[in-house]
Amino acid sequence: MSDGPDLEALFSLMVRMRAFEESLASLWRRGLVSGEMHLGVGEEGVVAGVLDHLTDRDGLALDYRPTPALLAHGVSPGSIVLEVLGHHDGLNSGHGGHMHLFSPELLATSTGIVGSTAPLACGLALAARRLRPGSIAVGFFGDGAVNQGMVMEAWNLACVWQLPVVFVCKDNQWAATTRTDRLTAGSIAGRARSFGLNTRVADGTDVEAVWRAAKPLVDDARIGEPGILIARCRRPSGHMLDDTLSRTVRNPADLLRMTRESMTDQPGLSAVRHMAGLTGTIAKAIGDRWLPHRDPLRTAARRLGDRAEALERAARAGLQRDVDGALARAGVAS
Amino acid sequence: MSDGPDLEALFSLMVRMRAFEESLASLWRRGLVSGEMHLGVGEEGVVAGVLDHLTDRDGLALDYRPTPALLAHGVSPGSIVLEVLGHHDGLNSGHGGHMHLFSPELLATSTGIVGSTAPLACGLALAARRLRPGSIAVGFFGDGAVNQGMVMEAWNLACVWQLPVVFVCKDNQWAATTRTDRLTAGSIAGRARSFGLNTRVADGTDVEAVWRAAKPLVDDARIGEPGILIARCRRPSGHMLDDTLSRTVRNPADLLRMTRESMTDQPGLSAVRHMAGLTGTIAKAIGDRWLPHRDPLRTAARRLGDRAEALERAARAGLQRDVDGALARAGVAS
Amino acid sequence: MTGPDITTAIDRAIAQAMSADERILVIGEDVPALRRTLLTRFGPDRVIEAPISESAFLGAGVGAALGGLRPIVEIMFIDFLSVALHQLVNEAAMIGPLSNGRWPVPMMIRAACGGGYGDAGQHEQALWGMLAGVPGLTVVAPSTPLDAAGLTLSLLAHDGPSILLEHKLLSEMWMTELAGTHREGVEFDVPETPPEIWPASLQPVPIGEAIVRRERGEVAIFSLAVGVHRAMQAACELEQRGTECTVIDLRTVSPLDVATVCDVAGRCEAVMVVDEDYGPFGLSGEIAAVLAEAGIHRPFARVAATGVIPYAVDLEREVLPSVPRIVAAVERLVGVD
Amino acid sequence: MTGPDITTAIDRAIAQAMSADERILVIGEDVPALRRTLLTRFGPDRVIEAPISESAFLGAGVGAALGGLRPIVEIMFIDFLSVALHQLVNEAAMIGPLSNGRWPVPMMIRAACGGGYGDAGQHEQALWGMLAGVPGLTVVAPSTPLDAAGLTLSLLAHDGPSILLEHKLLSEMWMTELAGTHREGVEFDVPETPPEIWPASLQPVPIGEAIVRRERGEVAIFSLAVGVHRAMQAACELEQRGTECTVIDLRTVSPLDVATVCDVAGRCEAVMVVDEDYGPFGLSGEIAAVLAEAGIHRPFARVAATGVIPYAVDLEREVLPSVPRIVAAVERLVGVD
Ligand SMILES: Cc1ncc(C[n+]2csc(CCOP(=O)(O)OP(=O)(O)O)c2C)c(N)n1
Ligand SMILES: Cc1ncc(C[n+]2csc(CCOP(=O)(O)OP(=O)(O)O)c2C)c(N)n1
Ligand SMILES: [Mg+2]
Ligand SMILES: [Mg+2]
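Protein chains in written order, with the numbering used here: chain A, 1 to 334; chain B, 1001 to 1334; chain C, 2001 to 2337; chain D, 3001 to 3337.
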């Protein structure tokens, strides 16, 4: 056994995740899915690199981008497809939808409330320690969530209760339409370290780097030393499908149209000055979407060279079969 | 003008505070005051050393030990006495009581909810910046409060909004019956620094040290650089008057009596082992109460030498006159 | 929709108030993007973006109000208020009374609420019943853009804490953003709303005044927000089926317009509440209580959210009040079966 | 008091349940001191002290329940729950329904509540009306130690989230600790409670079952917790003055015992609710609504907290339900003036 990750397996897993998110996006765009749709596109490297260290006795507290982790943890893609279609055979009989996917068997919960996963992971870890010694819990959240009080409270709790927990902060530098660096004082890593959390920072677009950073965190957590992984990643599909920023990025003139009203009775210059921050944000959003070289799948594929294509094809085909099966069951065309 | 504090004035102020807390305690013990009674005995050095830098245009968010700061800020002791007596001429016509003392004129609010002062101080600071440029707000809380999410959220908010605010953490090492070091991961100062708060630690039992540490914090806050002072102090009158721990400290046999019940059906040894933490806590509580040399008043008095006694007498007499006046108004014997 | 949607209407009222009163400012997550019309007009010192720290920035709103400002604090969805409720219940609503009225807290919370577009339980609650139980807190949930704007003006002039709830189904902005209503094939049960004549200068709508939207007869239907439109539509159907309904738009949840509630109910033969909030322990109960206290005893029924709101379109429709549910309930109530 | 007070009673029930079920544990601030009898018996692994981080440890309770434990989470006073409410409303109460019942959350919150001893607004609330509005949440507020113990056993066996409210005026422990009742000259309006025969092994009291404490006649008084004792005393006084009252102890707020409420009210001539929670939008309204829905129309009145609870003893007594207020309200209700 080698000490390193099995890049082929990780790559295949990431491809499955990506293909699944694309399926969800397509169902959403076809109008078959209700409500918001937040995807985990761009996070595959973080999720795959962490989940590879877990067993199905380990618990997961997931946010509103739960699908990649659920796939990796063993939840059937078909049951998720049926769920987001609102079908009674879905994972939660259509009661939960994409932000509330629950698998009690695999101890995986998800939530639409920012930051809530951190306390939930602490609780899953407490149960793990008492009922399943040696197992752990992992709580995922974003970089915006670190300013939610309960997240910081949970960091403290994990440390003083010595919980077998690993927090994973998927740092995509955005919280909805907001650049998080403007609103987060200090660094996330520095903040986490100040609690005494075992803290590692990794490039989330490099699944191997994530895997290596996560390994000691998971190992230490199993013996009651909590930790956190902070992994930079991207959010190429925006905060949620077709959100304001995505729409504005596609059509920046929108912004002017929307603000024209307020400009009329205002010295044009000061309005333009006031808008500078916002247009800066939009410029940043544009830049962030077209950086394909930060794609965790491409990075891994490059390393795999020739083998990548066949792996990708197989993974996509496998996933597609599952999705198609579910669509057929729901009577929806593929 | 010298650069240092006016120790005579600070000492006199601290004596007034102490004498006032003693009056409140006596009224409480006489059964004239309803509900809980938390005193600021032991905190005088912290409060006096900070408040000396403020003007009455600066705002205060105070916890449930608000009286020393209110005195220093200029609230009349008589109006507080009438308030805790539930008199209609009290500061808040008897509606608030000792945990909810409000002086809108002096921009001083208080609250019984742990940690709430930190966000409130941020808001007062925001108003200060817009309406009273150059003025600031100060938020006081305890060492237990730093684990309340909203406190850490407020630290972040202060930094990213560059608020003219100073937080003051009165670190008495206890939260009710709990030793806070057992439940606070890392150090408070380290945690605060990780947000980029201007952070200073001072010996809260030395009013001059507090004064010197607070000065640059207040000065910087006035130009929009938020900070925090962490000051170690004591809590010789316990969490609140006659609380469990105080009663147990006075009569440790109580503890045995109270736990006897559960011991009967339990192997005696494991019960004793389980109780070890608790008895350790109580031992610590005993030690903490009889350390008169950590009294901020004594420290200052020692430095003042001969002059202390006369100052103390004058300060006590002045305060007593105010209190007596209020008692007379309420028809209560002194 | 003909006039502005409810979101734009509120934004306009806020703009009007902000230009008249320097003390008003807006605090919230994503406000530079969400309130870009206000941002361009009033700048980042008065349209202040906040981190995802509801407790801190709601508390800062309270502190700012104490310090002399009149903040508008945006809690994106009312469901999220529960991470910060303490600052509302224990600070904003208590400092006034505990100071015996000496220190008012003029702060308005603005939040989107309500469901019917597939976000499910954690994002679709109304919660006005729970909030109205907080003493001294003004809670409004308008059903039309003009009322929303007018109530906004009143709340911004009011010297106490208040909550303005903006139902997402009435907001083009939120429905586009969250539900992707521009997608083909997507159909949510968004009610038709009547056209309004939009004035040049907005006028305040008084707090605590209900309005009778339709006055016809036997059954008094009390509702608010989206429920009003559902009730109006149900009333049309019921008319054709032979039952005449009066529809009252409460507009303000608390303080409840007890006079109008009693007056209208007293003139009808049966009373019904249509409430998108949870049924038990909320608005519908309060209406029953004020009627019973006033000695107005009428056959009574309620159509409310029957529990946690599920995701799937069909399940969601069963749980939320809908026109068919209202029609059926009214007919049961008046004994047409 | 003859038997144990309500706090000790609950502690005993918890001890009994903990020795039968390894999965039960206690989490909270200051629990080593507050629950020292449990600590010495079950050790620090099952009586777990928490930092002042209600959101984190309540959320950890939810997570622990999801992970297979049955946690008891102590929120010292129910007023403080508002810093952490989200974990209850959006997680504990929603995961069950949103998973279509596949993932229950067996967690009991224990909190002291209620006023009448001078702590004022932020520490004296009852809040059961607000909490009962959360769908699927069981809320109990017992009036006697034996009921408190029995309900504790039921809640600990219940597969969903619940709140056990322990009224401070019924707790010797809290009254000594907070109000310093050992001080001379201090007098709070602590009700006399009847003696109880304390069994060797505690028996569960079913959730959702009200109990008739006194069955006499004209007026049905519904109450719970301290209110029951006040209502009983008022009933005695009223009897002497010529009015006969039936007193019902609801015990469980939610799910409300609608059958008993309707049955008893149906046999009385007037209905009254005595509620230490705020009057509007709460329990008293819900009772009015279930009666109206059932077609039981009776003269109705409520004696409830009239607003934020003030500090001074006299002001506090005016705001909270008291025996004189109940007597006066009943006489007004039945037309004796
Ligand atoms: C308590 C709470 N506040 C606000 C929201 C609305 N909201 C949903 S996602 C989001 C941004 C979160 O950013 P981040 O934590 O960085 O995660 P990301 O979406 O980038 O993955 C916000 C503000 C919420 N769901 N819950
Ligand atoms: C949110 C909240 N949780 C719990 C309490 C109960 N409580 C009151 S004071 C206190 C201890 C606070 O300790 P610390 O912050 O160190 O302040 P100190 O009392 O030592 O001055 C606790 C737990 C409360 N008032 N508010
Ligand atoms: Mg992010
Ligand atoms: Mg302390």
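It is worth saying that the hints were derived from the structure and are not from the lab.
The reader is advised that the hints may include incorrect statements.
[Stated by the list, open to error] Chain D regions said to be covered by chain A (calculated; three or more residues, Cβ under 8 Å):
1. 3044-3052
2. 3055-3065
3. 3079-3090
4. 3143-3154
5. 3185-3191
In this text the structure is predicted, and so the values were computed from the model without any measurement.
Ideal placement from N, C-alpha and C gives every residue a C-beta, glycine not left out.
Each hint, compared with the structure:
1. 3044-3052: With 4 residues in contact (Cβ-Cβ under 8 Å with chain A), the coverage given for the region 3044-3052 of chain D holds.
2. 3055-3065: holds (count 11)
3. 3079-3090: This one holds; 4 residues, not fewer than the three required, reach chain A with a Cβ under 8 Å.
4. 3143-3154: Check failed, 0 qualifying residues.
5. 3185-3191: violated (count 0)
Comparing the model with each numbered hint stated earlier shows that hints 4, 5 do not hold.
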